[in-house]
Structure formats: structure tokens, C-alpha cells
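J.: Protein chains in written order, with the working numbering: chain A, -19 to 122; chain B, -19 to 122; chain C, -19 to 122; chain D, -19 to 122.
Because the hints were derived from the structure by calculation, they are not lab data.
In this text, all values refer to a predicted model and were calculated from it rather than measured experimentally.
Do not rely on the hints blindly, as some may be mistaken.
Stated by the list, open to error - Here are some chain D residues pointing at chain B (derived, C-beta under 8 Å):
no. : residue
1   : Tyr(-3)
2   : Gly(-2)
3   : Glu13
4   : Glu16
5   : Val17
6   : Thr20
7   : Thr31
8   : Arg52
9   : Tyr55
10  : Asp83
In this text, a Cβ means the ideal position worked out from N, Cα and C, and glycines have one as well.
The residues making up each chain are set out below.
Number of protein chains: 4
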Amino acid sequence: MPKMPDTSCQVQLRIRYGETDQMGTFANARALEWFEVGRTEYLRGIGLAYTQMEQQGVFLPVVEAHIQYLGRAKYDDLLTVTTSACMCGKARLRFDISIVKADGGASVVAGYTIHAFVDSAGRATRPAEWITQKLPAREVTK
Amino acid sequence: MPKMPDTSCQVQLRIRYGETDQMGTFANARALEWFEVGRTEYLRGIGLAYTQMEQQGVFLPVVEAHIQYLGRAKYDDLLTVTTSACMCGKARLRFDISIVKADGGASVVAGYTIHAFVDSAGRATRPAEWITQKLPAREVTK
Amino acid sequence: MPKMPDTSCQVQLRIRYGETDQMGTFANARALEWFEVGRTEYLRGIGLAYTQMEQQGVFLPVVEAHIQYLGRAKYDDLLTVTTSACMCGKARLRFDISIVKADGGASVVAGYTIHAFVDSAGRATRPAEWITQKLPAREVTK
Amino acid sequence: MPKMPDTSCQVQLRIRYGETDQMGTFANARALEWFEVGRTEYLRGIGLAYTQMEQQGVFLPVVEAHIQYLGRAKYDDLLTVTTSACMCGKARLRFDISIVKADGGASVVAGYTIHAFVDSAGRATRPAEWITQKLPAREVTK
Chain A
-19 MPKMPDTSCQ
-9 VQLRIRYGET
1 DQMGTFANAR
11 ALEWFEVGRT
21 EYLRGIGLAY
31 TQMEQQGVFL
41 PVVEAHIQYL
51 GRAKYDDLLT
61 VTTSACMCGK
71 ARLRFDISIV
81 KADGGASVVA
91 GYTIHAFVDS
101 AGRATRPAEW
111 ITQKLPAREV
121 TK
Chain B
-19 MPKMPDTSCQ
-9 VQLRIRYGET
1 DQMGTFANAR
11 ALEWFEVGRT
21 EYLRGIGLAY
31 TQMEQQGVFL
41 PVVEAHIQYL
51 GRAKYDDLLT
61 VTTSACMCGK
71 ARLRFDISIV
81 KADGGASVVA
91 GYTIHAFVDS
101 AGRATRPAEW
111 ITQKLPAREV
121 TK
Chain C
-19 MPKMPDTSCQ
-9 VQLRIRYGET
1 DQMGTFANAR
11 ALEWFEVGRT
21 EYLRGIGLAY
31 TQMEQQGVFL
41 PVVEAHIQYL
51 GRAKYDDLLT
61 VTTSACMCGK
71 ARLRFDISIV
81 KADGGASVVA
91 GYTIHAFVDS
101 AGRATRPAEW
111 ITQKLPAREV
121 TK
Chain D
-19 MPKMPDTSCQ
-9 VQLRIRYGET
1 DQMGTFANAR
11 ALEWFEVGRT
21 EYLRGIGLAY
31 TQMEQQGVFL
41 PVVEAHIQYL
51 GRAKYDDLLT
61 VTTSACMCGK
71 ARLRFDISIV
81 KADGGASVVA
91 GYTIHAFVDS
101 AGRATRPAEW
111 ITQKLPAREV
121 TK
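Sequences are here, hints too, so could you generate the full structure?
T.: See below:
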């Protein structure tokens, strides 16, 4: 069976001065904020803007995150954030993220986050079809 | 008439590595977070814990902030945050904050924030007496 | 004498989820980070990229900041940051910043920051001519 | 052979308002900052204050992080951060961190970070004996 074409999304951001630390690279916690920028644009790109999901009572808190720091990056560096996603289990969504320097492509950060579907009261919930039909299923070979 | 005794509150915090920037001092935006730490402890100290205020439907968004950066401070420096407050106008609360190094007392940041009283819908509101009776009025001579 | 034409710079940014707080608006400290985004693009626009200034040993720490919070803004709102600058005194640079919603133009934040010129050791220094010739002088009528 | 006694370190912190997000829990990126607070106190506790390590030219950038988000926590909640560490490989240091509510002990976050030893130029380096003798080796049974 042919492999589903990759649906990935790219967005660029510049490292803010306030995101650097005294080691001269970015503060490591900011990687998780940049992952979130990637998720936001990915979801918008497939027609599931997260603001609209929350308005419909669907929330996606992070339940797990994994981050590899692959290279330094400095203030004002332009980064390219590439995000893809897949359902992993019936009520879990996984985002895979890669961040590289826009100029030259050197790797900076890679990782994933796993999210639960919950309602406004924080209870785990199965996502409705209008959501899942837009999200790639997990590939068997992965 | 004797001057009202100062009601001020002190709390200490250590500068986190993630709060530094590549200049080797703290990222300037963090001063506003430290001001907030000071406010939280001040309000708790006078019996008006902010969590309880919000539970009663009283919110205190910042409407104005002024910050003077008076000296550098490094990762792991222990800071002393001193906060006092007064009503300024009928529905405005002002916090004055001074941050110094705990060791030696060198000035780091000073400033103030002014807050509106609003309800859960964000509408300006006059604070109830159970709130104002605990807050110093503005001194005439100021 | 004719007034010097305004040299101002506009840049857009989207509010990140991690920049919101439980009041549903943005965490107030983030305004200072957005001011910094404005400064970075302003300086790049006039040919004084701040990375290059630091490489030449010229640093611009903030010595004073003033912020007015004029309206709420939510996750994913697109903001327009407009920045202008002028020398204020012989070794001080002032940035004036206004942040509005890109959609509709409602005011969100306005304020200014004042910066000292210092060398890599943190000593106050007079800026060289290659810097000051690119920066507007303070208008007399202000 | 008897198991080496656990050398772990506990430190408490309160969730700042600016650390919350519009879901009413803490912004997920802050977990990494809290991990860093744990590391700082752990290293100080074993006589290897990180400020002194950097002064000696030893830096510990994060190369990998893993975080499990186990429960919500709100503004002003007091958290207990428990940190332990071990060498993992010849030039890698691993911190294991658990964050629970101080009141009641409900789990909030757990995870680990792995750090490289590098010199001031960012080159990988083997840690000197004055460092490794204070750090537990990895337990065989792990």
C-alpha cells in the first residue's frame, strides 16, 4: 500500500534576546514554546485551528514531551520549525518537530510532544470525527 | 499626625539560569514576573490572598508598569523583593516594589505597577469593603 | 524648520499559547519581550543590526521601561508592533512602542524603553558616530 | 552489595501567575525551568555549585530532556521538586526530577535531563576528578 504523503508544516521564527541565556545559546525551556508555535501552525494548516477547537470544548494538554538539543543557536538566528502529527492511540495526538537554522539548515532541536484530548473540565475524551478525519493515523511501519 | 507605619512585605527569590540572557544579567522582562511574586506575597500577608480574590470574582489586571533597572544581577544571585501597596483612586491599586541583592543590598530593580479592579467579565468595578479595609489609602504627602 | 519624517518600523507577531495566563489575556511580562522584538527589527531596518553592535562591543541594556496595558489580547491574536527611536541625551537611546491588534487595530500595549550605551565591561560609553548618525535626535517639541 | 543510599535534594517553589496559561494550569515549558531549579539546588547540595563550575570553565548544556505531565497545578500552588543525579557514560550527567504538590503530594511532573560536559568554547570534555568524585555513578541495576 502506498505510504500516505507527509503532511508537514513549516513556520519560521527568530530567536529573541530574552530567549538567550548566559551560555550564549537559547534557554532550553524555550524549545517547548517553539514546539507550540509549530503545533499552532500545523493545526491551522489542516483546518483545525486550535482556537476553534477550544471554542468547541476540545483541549489538548501536553502529557509527554521529549527534546533533543542538537546544536546551539544565537540571538536573532532565524529558525525553521517543521511539524507533523499523527493520532497515537484513540485519544492521543502526537506531534513530531524538527527545528533547524533557516540559513544553512544546521539542526538545533528535535523532539515530540504527546497530547490528550480532554473536555473543558479536564476529563479525557475521545475526539469527534470532525477532528480525527483531518489527522493522519499512525503509520504501521513506524 | 503620626505617619501610618509602613506595611511592606519581603520575599526572596533566586535568579534562575533560564532568567539570564547573553549579556550575563537577567532578561529584562523577568523583572515584571518578580514584581508579581512580590504582589502575591504582599496580598497574602495582609489576608487578601489573590487566589481567594479571584475565587470571589475580583481580578487585578495590570494597567500600567514602570521599571528602573538599577544594577546587574547574575544567575543564582539571591534577591530580596520588598513590596508595599496603596489604593490610588477609587478602583485602582498601586504596588511599589524594590528589588535588591540579599547579599550586600545593591539595588537591582525598582518600580511600580497599577492595577484595575475588574470582575470576571473584565468590567471595571469598585472594590468591596472587605478588600479596601485591608489596603492602605494613599498618603496625602506623596 | 520642517519636522523630520517619522522613521518607524512595523513587525507582526502572534501570541503564543505559552504567553497567555489564566486571566485569558497575555502574561504582562511578555509585553517587554515584544518591545524587544520591535527594537530588533527597528535597528535592523536602519542598518544597525543589534547583533553587529554587540560584535563591535556596543551593548544597549534597558535602564528604564514604561508600559501601559490598553486592552486584552488572546492566544493566536496577530499583533502589529510599531517602533520608533530617538537619542535622548548623549548616551541614551529611547524606543517608543505601540502594539495593536493587526485585525481591527485595537490598542493592546504602548510604552517606551530607555537604554544606556555600555561597553562589554558594562561601563557607560558615548556612542560612536557610525551609530548616532543613523539614529534620529530627539525632537525639540516633544 | 548494598544499594548506595539515595542522594536526592528537595526544593520548593510556588507557581507564579505568569507561569499559568489560559487552560488554568502551568505553561508546559515552565517544567523545564523548574527542573533547572532542582539541578541548581542539587549541585549546591553536593558541593558543586554550578556558578563555581562555570567559573572553572565547566559548562553543562542540556542535550536531552524528557517530561511527563502527570497532573494539573494552579497559580500559587506550592510544589516540591526532588532531584537526584548520576553519571551516565564518561561525559554525561543525568538528573532525574519529580515534582509534586507540597500539600497532598499529587504528582505534577516527572522527567529527566541529560547534560554534556563542555568547556567554555563548547567542546565536549571529560569532567575532572574533583567533579566526578562528588557525583554518583549509574547504578548497575537501573
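J.: Now, for every hint given, state plainly whether the structure supports it.
T.: Results for each hint:
With a least beta-carbon distance of about 5 Å to chain B, the hint placing Tyr(-3) of chain D at the interface is held under the 8 Å criterion. Contact between Gly(-2) of chain D and chain B, as hinted, is supported at the beta carbon level, the nearest pair being about 5 Å apart and thus within 8 Å. Because the beta carbon of Glu13 of chain D sits about 5 Å from the nearest beta carbon in chain B, less than 8 Å, this interface hint is met. Checking Glu16 of chain D against chain B by beta carbon gives a least distance of about 5 Å; that is within 8 Å, so the hint holds.
Because the smallest distance between the Cβ of Val17 of chain D and any Cβ of chain B comes to about 6 Å, under 8 Å, the interface hint for this residue holds. Using the Cβ-Cβ criterion of 8 Å, the hint placing Thr20 of chain D at the interface with chain B is satisfied: the shortest such distance is roughly 7 Å. The beta carbon of Thr31 of chain D is positioned within 8 Å of a beta carbon in chain B (closest approach about 5 Å), and the interface hint is therefore held. Using the Cβ-Cβ criterion of 8 Å, the hint placing Arg52 of chain D at the interface with chain B is not satisfied: the shortest such distance is roughly 15 Å.
For the restraint placing Tyr55 of chain D at the interface with chain B, the shortest Cβ-Cβ distance is roughly 6 Å, inside the 8 Å limit, so the hint holds. Taken as an interface hint, Asp83 of chain D does not check out: its beta carbon lies about 13 Å from the nearest beta carbon of chain B, beyond 8 Å.
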